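Student: Taken in sequence, the protein lines are chains A and B. Quick note on our numbering: the first sequence kicks off at 1 and runs consecutively. Quick note on our numbering: the second sequence kicks off at 1 and runs consecutively.
Hints listed in this document are in silico derivations from the structure and should not be mistaken for laboratory results. Because the structure is a prediction, the values reported are computed rather than measured. Just so you know, even glycine gets a beta-carbon here, dropped at the ideal spot from N, CA and C. Honestly, I wouldn't trust all of these hints.
Okay, the calculated bits of chain A under chain B, using three or more residues with CB under 8 angstroms as the criterion [unchecked claim]:
#1 152-166
#2 262-268
#3 274-286
Going by beta-carbon spacing under 7 angstroms, a handful of chain A positions derived as facing chain B [said to hold, decoys possible]:
#4 G19
#5 V20
#6 L30
#7 V31
#8 P144
#9 F146
#10 W147
#11 L238
#12 G241
#13 G245
#14 I249
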Amino acid sequence: MFGQIVLTRILQAIPTLLGVATLVFFLLHLVPGDPVDALLGETAMPADREALRIALHLDQPILYQYGSYLSGLFSGDWGTSLVDHRPVLERIIERVPATTQLALVSLLLAVVLALPLGYWAARHAGKSQDVAAMGFSLIGVSIPNFWLGPILMLIFAVGLGWLPVSGMDQPGSMILPAITLGTALAAILSRMARSSWLEAMSMDATRTARAFGISEQRIWWRHAARLAAVPVVTMFALQLGAVLGGAVITETVFDWPGLGLLTIEAIQRRDYPLVQGCVLIIASFYVLANLAADLLGLWLDPRQRNV
Amino acid sequence: MSKSSLKLVLFCLSLPVLVLLLALFNGLDGHAIDLDAVLTGMNSSHLLGTDALGRDVLARLSEGLQLSLSVGITVVLLGGMIGISIGMLAGWIGGWLDALLMRFADIVLSFPGILLAIALAAMLGPGVENLVLALVAVGWVGFARLSRVQVLSFKSVPFVEAAIANGSSAPYIAIRHLLPNIAAPLLIEASFGLAAVIIGEAGLSFLGVGVQPPDASLGTMIREGTRLMLVSPALVIWPGLVLFSLVMAVNLLGDALRDKLDVRMDSK
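The following block holds chain A by itself, in its conformation from the complex (with noise of 0.2 angstroms):
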């Protein structure tokens, strides 16, 4: 019965990606007028622009290219980019790791910082503590990360010269792009954590636990805490996406070589093959990632299990 649940909710996945990968099929043929004229000029000759409407297959009915475009993403043909000549899917590969351990590192900051601060927050509900903590998470979700970055930059790495100002190569260098990264995320996810704890505080089975006589602390962490978990997952994996979305603009302020990055370049030099596949790979991850905490709720939480 749960097995074949799991195996729905992955299967249904399916269709998902698909559609992702048709809205970025259709990208490309947002470009205004001929994207061969965007990319060239107009002054270009017209063997290099004959050329790139080959290489891009834009000499093609458009069904014929989604055709083409959908069974090379199958074979691992996801195309040429137009700067290096190299394969797109080449160039994407190299850049995952930095990417994963970005985003690894920041999700695992938040958690470390979001949790016990809900926690503080919730047990000391309505006083100082609970507004110094709810302050810091309202700063958290309204400071733009495009800012948060160069501020921290400006701070920590010009000012006081304790850490690396951009690039991956020193040690430390992950340091203020995973802050960057992760501040959103921690905001978030503590403001859930004290809502959810707090809720979870004053349900039937806290209150029998509570009658029962087993100790608070006992009951915040223990009893609590598992009915508090469901919604902090579940918002967890809401805000996966706004990490990898937000991971394009960091790798940007940081000079991060990541995917975001690489997003970023292929854009400036309107190579729409690489930002196809970028956008594709960074969206998949996300749909990936939402499937896996679909599953992580579904094993938390029994109850999902009957719809």
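Got chain A sorted already, so can you dock chain B onto it with the hints?
Tutor: Only chain B this time, still in chain A's reference frame:
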């Protein structure tokens, strides 16, 4: 709204309002290049100093702020109208149309929002119109899903059934009976949406796919300021501070709105 959160909103709004008023009184042109007065720092003629081309920072902040607000409001209004229409239609008619529209909404939501906006803006090309288009293309979905769910929950309520029975047309029911009843959650969505769009506009402009030089956006100002951070840190601090206070004020208003409307729902 509680007194303390009202005070906080006013505090957050004071910087943006001050920028707008001072720029108005100063009356300087944010596009006037003066290569004899480059990166001056604060002085009496340029209250917040000048940028690398000798342009008045205060005037450019005010221009960027106005752009943030006008893009933000336009996108929320357009996205709201499109999203609410689609969502209500899907919820009301149901069947294959509902399935089709919501499937499409799901696909749009499968992208990190900012990433899709970046890709769309990059493909459409630079300029404010395309920036608005890209943000609307991402922003309508939240409104659509919310209004669909709301319409579904009101479809079988007696007063709506009565309106159907006495032969009211669907558009009439939608506007007279449904919209006023689903307005509260949509308003909350709109206020948080506004904050997201304001950050989104500045973010896209920061990345170079939104507002183009010489026009001022808080995002492009942060981008230019970052390059000159070592020489003149004020150039990156001011536009971000203005943006941050504006977004914080909008978020606080959204919070207050949510608390207020939730309370009313709870007390029945």
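Student: Quick one: see if chain B covers the segment 274-286 of chain A, three-plus residues with Cβ-Cβ under 8 angstroms.
Tutor: Since 5 is at least three, the answer is holds.
Student: Min Cβ distance, A/G19 to chain B: is it shorter than 7 angstroms?
Tutor: holds, 4 angstroms
Student: Against chain B, is A/P144 within 7 angstroms by beta-carbon distance?
Tutor: The hint holds - A/P144 has a Cβ within 7 angstroms of chain B, the shortest such distance being about 5 angstroms.
Student: Double-check A/V31 for me: the hint is only fine if its C-beta lies closer than 7 angstroms to a C-beta in chain B.
Tutor: With a minimum Cβ separation of about 5 angstroms from chain B (threshold 7 angstroms), the hint on A/V31 holds.
Student: Report holds or violated for the interface hint on A/G245, using the least CB-CB distance to chain B and a cut-off of 7 angstroms.
Tutor: Holds, about 3 angstroms.
Student: Regarding the hint that A/L238 lies at the interface with chain B, is the smallest CB-CB distance below 7 angstroms?
Tutor: Not OK, violated: A/L238 not within 7 angstroms of chain B, min 10 angstroms.
Student: Report holds or violated for the interface hint on A/W147, using the least CB-CB distance to chain B and a cut-off of 7 angstroms.
Tutor: Status holds, d = 3 angstroms.
Student: Can the hint on A/L30 be confirmed by a CB-to-CB distance to chain B that is less than 7 angstroms?
Tutor: Since chain B brings a Cβ to about 4 angstroms from A/L30, closer than 7 angstroms, the hint holds.
Student: At a threshold of 7 angstroms, is the proposed contact between A/V20 and chain B supported by beta-carbon distances?
Tutor: With a minimum Cβ separation of about 5 angstroms from chain B (threshold 7 angstroms), the hint on A/V20 holds.
Student: Let's test the interface hint: is any C-beta of chain B closer than 7 angstroms to that of A/G241?
Tutor: Since chain B brings a Cβ to about 4 angstroms from A/G241, closer than 7 angstroms, the hint holds.
Student: How about A/F146: closest beta carbon in chain B under 7 angstroms, or not?
Tutor: holds, 5 angstroms
Student: With a cut-off of 8 angstroms between beta carbons, are at least three residues of the segment 262-268 of chain A near chain B?
Tutor: Our answer is that it holds, as 4 residues pass the Cβ test (under 8 angstroms) against chain B, meeting three.
When each numbered hint is compared with the structure, a violation occurs for hint 11 only.
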